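Going down the list, the sequences are from chains W and D.
Counting in our numbering, the first sequence runs from 41 upward without gaps.
Counting in our numbering, the second sequence runs from 32 upward without gaps.
None of these hints come from the bench; they were simulated from the model.
Here the structure is a predicted model, which means the values were calculated and not measured.
A virtual CB, placed ideally from N, CA and C, is assigned to each residue, including glycine.
Where hints are given, some of them may not hold.
[Stated by the list, open to error] To be clear about the criterion: a stretch of chain W counts as covered by chain D if any three or more of its residues have a C-beta under 8 Å from a C-beta of chain D, and this derived list gives those stretches: (1) 109-123; (2) 126-138.
[Unchecked claim] The calculated label-pair distances, taken between Cβ atoms and stated as ranges, are: (3) Lys92/D <-> Asp105/W: 22 to 32 Å; (4) Asp73/D <-> Val69/W: 47 to 57 Å; (5) Asn91/D <-> Ala289/W: 58 to 68 Å; (6) Asn91/D <-> Cys212/W: 48 to 58 Å.
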Amino acid sequence: MKVAVASGKGGTGKTTVAVSLALALGGSVPIQFLDCDVEEPNGHLFLKPVYTREEEVTLLVPEIDENKCNYCGTCAKICNFNAIAVAGRKVLVFPELCHGCGACSRFCPEGAIREVPFRIGVVASGRAGSIEMVEGRLDIGKPLAPPVIKAVKKHAQPDKDVIIDAPPGTSCPVVAAINGSDFCLLVTEPTPFGLYDLKLAVEVTRELGIPCGVIINRSTSTDGDVEKYCYQEGIPVVLKIPFDQRYAACYAQGHPLVLKFPEWIPAFKELWQRIVGMVKKGV
Amino acid sequence: MKIAVTAQGPSLEASVDPRFGRCSYFVIAGPDGEIIEAIPNDGVAAGGGAGISAAQLLINKGIEVLLTGQVGPNAMRVLQSAGIKIYQTAVSTVKAALEELKEGKATPLSGATVGPHFGWGRGGRQF
Ligand code: SF4
Ligand code: SF4
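The task is simple: from the sequences and hints, build the whole structure.
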């Protein structure tokens, strides 16, 4: 089973939840932890894996053969991403803007465009104890996260339980990360901002047709609005982690919740069983 | 000689728009400061590379001189490759900018004045 852990905004404790879930289950079943938050992967801070393999993620970007080019400007016109400009007798390529769609080379009337690999990130893989860990890292200044996320997800094995730490927000990288999951856990805070972003995240999962459940982190007596919304929308609130100074200190020191407070292990195991049940029933 | 001024509106009285790639309009003028045309900048809505697309537009229009506020490094590369002369202006209207140029008081620009994605607003780019 593949479960994505996402949140409409950063700082809700999404990674903490993903890591705790992996650790709680890790002892008993084979778990893969895929860190798809490629712009700021931080699962490793908690899980402290040993990476043994690293592969580059590249995109095919155009290279112009100035001997064949007649500066017709077709490539610049066809590119949707402004990654090529034809300035007089010069063709300028901006690989950091290129999406690797191949349109320019296909439509160049002179066959002057060759496609060459351009590195945008890496995928590291290894182990953290019994957990198999894969982490994507987008190179700094490269805007295109989805190809790196997809490269991470290629490591998912069908016979294992997979936990995906998705990037925060609701944009393309989030879609790339949670797409194809059996279930999506949305981590939120019981604040007006938290609720606003939660609603956006729920929209994304609905568009993708992925069932979701909500985890309220730093839960207090003010959860009312989030709970009311979830109730109205028929979304189960599957776990509440109360606000507690000791937990905050534990995260700040880079300790996973379940290691410092093992009394939480059963809660995360139950959570998993509940998700399995919901997915089987097709809720 | 065709001169382009980045502007917030399509006229000589319009304010100069300091953002090159994300300006609202390009007011194109002749050597004596007369308007030839005003082109809305489609690049305002572009996902990325707005400066590059704006530079390409000016090249296609045969512009030789550009009056603007801030130019990012990518746009700068394209404009310079095409041999377009760039002047930075701080005056308020398109008309004043053209007069400044005519009087030889405009400040030539040879390097990028801002990093890429200037004019994006808070939050940066999202794909
Ligand atoms: S389409 Fe081909 S020939 Fe035309 S400018 Fe681009 S590279 Fe040159
Ligand atoms: S491959 Fe696609 S995105 Fe890249 S430069 Fe060519 S047309 Fe533009």
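Against the structure, the hints:
1. 109-123: holds (count 5)
2. 126-138: Coverage by chain D holds for the segment 126-138 of chain W (7 residues, Cβ < 8 Å).
3. Lys92/D <-> Asp105/W: 22 to 32 Å: Distance hint for Lys92/D, Asp105/W holds at roughly 28 Å.
4. Asp73/D <-> Val69/W: 47 to 57 Å: At roughly 53 Å between Cβ atoms, Val69/W and Asp73/D fall inside 47 to 57 Å, so the hint holds.
5. Asn91/D <-> Ala289/W: 58 to 68 Å: holds, 60 Å
6. Asn91/D <-> Cys212/W: 48 to 58 Å: violated, 30 Å
The structure fails hint 6 only (numbered hints given earlier).
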